[in-house]
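Residues per chain are reported as follows:
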Amino acid sequence: MKKLNLLLTMLLTLTVILSACGTNGDSSEGQKDCEPDSSAIKAGIVTDEGGVDDKSFNQSAWEGLKAYGEEYCLDKDEMYGYAQSNQDSEYESNLTRLTQQDYELIFGIGFKLKDAVQTVASQNPDTKYALVDDVAEGDNVASVTFKEHQGSFLVGVAAALKSETGKVGFVGGIDSPLINKFEAGYVAGVKSVDPSIEVDVRYAESFSDAGKGRQIAKSMYDSNVDVIYHAAGGAGNGVFTEAKDIKAGDSEANVWVIGVDRDQYEEGSVDDSNVTLTSMVKRVDVAVQDVIKRTIEGNFPGGEVLEYGLADGGISVADTNEEAYTDEIASKVKEWKEKIQNGDVEVPQTREELEGFVSNLE
Amino acid sequence: MKLQKLTGAWIPVVSIIFGLLAGAIIMLLFGYNPLAGYIALWNGAFETPYFTGETIRLITPYILSGLAVAFAFRTGLLNIGVEGQVLVGWLASVWVGTEFSLPMAIHLPLAVIVAILAGGIWGFIPGYLKAKYQVHEVIITIMMNYIALYSVNAIIRNVLTDRDDRTENVAETASLKVSWLSDLMPNSNVHAGIILALVAALFYWYFIEKTKYGFELKAVGYNPHASQYAGMSVKRNIMLSMAISGGFAGLAGAMEGIGNFGYMTLNNGFTNIGFDGIAIALLGGNTAVGVVLAAGLFGVLKNGALNMPLSAGVPHELVDIITALIIFFVAASYMIILLRHKLIKLYTDFKNKSKKGGANK
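Chain order of the listed sequences is L and P.
The first sequence begins at 1 in this note's numbering and counts up one residue at a time.
The second sequence begins at 363 in this note's numbering and counts up one residue at a time.
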């Protein structure tokens, strides 16, 4: 027993000594050669369960916040930071946590945070909140939405032009009004090029289950689908895994993935080739920075709904994979983009609108 | 079943210290200040009344899921199905809460009782199969978890709503939120369920220790053959044990349904309340007091950990490792007992040897 006590004492001493070292090490970091901008505000994001390394939506938001931090020369966790949620029950905790740490502007990333943002915003009327991807009520809440249907329409055009089998696929996350917007736009884009192309639409019922995404992708590719557009966050990573697997086994295989939210070119890289045809880029980072800037200027859009689209660069189509995304596809996509911006084409946002759209084509 | 017999309050305390030290070493290795990290952990759980409330809110279902697992353990059964029973109980409580309009005095108890019954039935099925056909309860309960997860999702989508991803909010008459608790810890989601959970722990202790049924359940757990010989019905006790265990789990689900959230969303995956319950039951040595304390530890660690990345800059991946290490050391307390025996033995051997050595000279 005495020995145990001795051992414990030694370990404790060690900890105290080493922790002193730890503190020293920290202070030498974070040296910067610029001065923080005094007009900056303390801004943070609360992610959904994907986390800031989901290679998609949350990551894009975090990149926007980091860019803001660099621009104004701010210290992470001092003036900007994020809280990751692992479960639905943590949204409110995390929002309140940031609020109590004197964050002035807090973003809830994802429509799953809608209830939590509304609750916390009504409890803390002096703090500003922004909800990305859905519309929340409250004078101190700004709602940030995107015209995903437009971007999805354009990648649908690209998919239709790329497909050789006449069958393309769509893998959604959770079957919800938001993801239906992607679906409707995509299907409309495909059918606009060639109404005879079949679109296989399936939902993973998850934004994080990569296994499920992979399963769906496998069954789609097996049934002759050659281009899959995913709007499934982390579950969509499974689509990439499956496509890369096929490509690694047979370099001649004609399988393509269309990424979402960020330019997912890197995700598709396999040996010398790349399975990412293009990506429907939703610049959450642009929106995050825009809302912060407006707030700094004193124009926080509380109670308003901001809608980012093709015109303001909030939505775009990636052309990183030059080999696959040929000039022909690029020019066609550009054509359709102009038609959308001119108002010649009204892209459907729901399944009902899509039905009307498709029946008009025939 | 040695874990049941752990005695001595010092073992868990030493285990927690070991766990904290191991976590500290991890933080040091990655260049973070462990003291700042642990202060952030503590503050995250208790700094303001809000966080205290959230910690209590988190502890509430943990107590019940821990009791559920522990109850089955006492009868020698491993109920891995608490997770599914929680989901079923959650759904049942929300169903009663949204679909009926009744005065509170009937509505709230009804929601709670239906949740307990739903969980109990979900637990009874594997119990019945085990008793009648000797199918191993671990396999069935694991599978029943998946059945529960996907059935519950399907019911939310197609029965309770029209293809929506969450249900309506439960009526106020079925809500466990009470104003005096909410006023005490403003804005937090703390609810009266904690009282129910503590009452459940009391019931657990009374039932296991003081009643004939509890004695029979324990006897079956220790030695089913001897119990059979003594005239007890092993089959009946297995079914009873699983059903009551499921009832505790169903109540844990009600804590989320009519306590914390007040609604139910589609679940991407398991809630982990049930799986954590296994660790909590083992940590607590399958006793009522132990389970409550272990649930407390889990709640504090889980809620406090959310604060570590923000206040101390420790990345959340590391935080997960650290909390897992603390739990690991506590769970491995048996290892510490062994270590203690070894140390004592070494010490006495050393003493004896040096004495003998002295005599030889």
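Do not take every clue at face value.
Said to hold, decoys possible - Below, a list of computed lysine to aspartate or glutamate pairs in the EDC-like style, where the Cα atoms sit at most 20 angstroms apart: (1) L:76 x P:679; (2) L:114 x P:526; (3) L:55 x P:679; (4) L:114 x P:679; (5) L:66 x L:33; (6) L:42 x L:77; (7) L:218 x L:200; (8) L:332 x L:77; (9) L:332 x P:526; (10) L:337 x L:307; (11) L:334 x L:346; (12) L:114 x L:346; (13) L:76 x L:285.
Calculated directly from the structure, the hints in this document are not laboratory data.
Nothing here was measured: the structure is a model prediction, and the numbers come from that model.
Against the structure, the hints come out as follows:
Note on residue 76 of chain L and residue 679 of chain P: the hinted pairing holds, with a Cα-Cα distance of about 17 angstroms set against a maximum of 20 angstroms. Taking the CA atoms of residue 114 of chain L and residue 526 of chain P, the gap is near 14 angstroms; set against the 20 angstroms cutoff, the hint holds. For the proposed pair residue 55 of chain L and residue 679 of chain P, the alpha carbon gap of about 16 angstroms is at most 20 angstroms, so the pair holds. With a CA separation close to 26 angstroms, the supplied pair residue 114 of chain L and residue 679 of chain P exceeds the 20 angstroms bound.
In summary, the hint linking residue 66 of chain L to residue 33 of chain L is supported, as the alpha carbons are separated by about 17 angstroms, within the 20 angstroms threshold. Our distance criterion of 20 angstroms between C-alpha atoms is met by residue 42 of chain L and residue 77 of chain L, whose separation comes to about 9 angstroms. For the suggested pair residue 218 of chain L and residue 200 of chain L, the alpha carbons sit about 13 angstroms apart, so the restraint of at most 20 angstroms is met. For a cut-off of 20 angstroms, the pair hint linking residue 332 of chain L to residue 77 of chain L is broken: about 45 angstroms separates their Cα positions.
Distance restraint check for residue 332 of chain L and residue 526 of chain P: the Cα-Cα separation of roughly 37 angstroms exceeds the 20 angstroms cut-off, and the hinted pair is therefore not satisfied. As the CA atoms of residue 337 of chain L and residue 307 of chain L are separated by approximately 17 angstroms, the hinted pair is consistent with the 20 angstroms bound. As the CA atoms of residue 334 of chain L and residue 346 of chain L are separated by approximately 16 angstroms, the hinted pair is consistent with the 20 angstroms bound. The hinted pair formed by residue 114 of chain L and residue 346 of chain L fails the criterion: a straight-line CA distance of about 28 angstroms is larger than 20 angstroms.
Between residue 76 of chain L and residue 285 of chain L the CA atoms are separated by roughly 17 angstroms; this keeps the pair inside 20 angstroms, and the hint holds.
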